[in-house]
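**Q** Sequence:
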Amino acid sequence: MPHNNAVRQGQLNATFSVLKFLAVAVSGVTIFLASIEKDKRLQFRPSMGDRLPYQKA
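Here the sequence shown stands for residues 87 to 143, where the numbers follow this note's numbering.
Everything labelled a hint here was simulated from the structure, so no lab data went into it. Hints may contain errors.
Quick list of simulated restraints, FRET-style, between CB atoms [as the list claims (entries may be wrong)]:
| # | residue 1 | residue 2 | range |
| --- | --- | --- | --- |
| 1 | LEU128 | LEU98 | 36 to 46 angstroms |
| 2 | LYS126 | HIS89 | 48 to 58 angstroms |
| 3 | ARG127 | ASN90 | 52 to 62 angstroms |
| 4 | THR101 | ILE122 | 28 to 38 angstroms |
Quick caveat, the model's predicted, so the values are computed rather than measured. Ideal Cβ placement from N, Cα and C applies to all residues, glycine included.
Please model the entire structure based on the sequences and the hints provided.
**A** The following block contains the structure:
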C-alpha cells in the first residue's frame, strides 16, 4: 500500500507542477498581449493628438 500512496503522491505533484506551469504561461501571455495593446495605443496617439487638446505640448 505505501508504494501505491507514493505513486498517487507523485501524480499529484506532477499535476500541480503542470498547473503551475500553465498559470505562469497564461500570465506571461496576458502580460505580452497587454503590452502589445499598449504599443498599439501609443502608436495611435499622435494621429489623434490634433483632436485631443490635453495632449498638445
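**Q** Range first: 36 to 46 angstroms. Now tell me if the beta carbons of LEU128 and LEU98 are that far apart.
**A** 45 angstroms Cβ-Cβ, so the 36 to 46 angstroms window holds.
**Q** Given the range 48 to 58 angstroms, decide if the beta-carbon distance of LYS126 to HIS89 lies inside it.
**A** Since the Cβ atoms of LYS126 and HIS89 sit about 56 angstroms apart, the hinted range of 48 to 58 angstroms holds.
**Q** Can you tell me whether the CB distance of THR101 to ILE122 sits inside 28 to 38 angstroms?
**A** holds, 32 angstroms
**Q** Per the hint of 52 to 62 angstroms, is the separation of the Cβ atoms of ARG127 and ASN90 within bounds?
**A** holds, 56 angstroms
Figure legend: structure checked against the earlier numbered hints; every hint is met.
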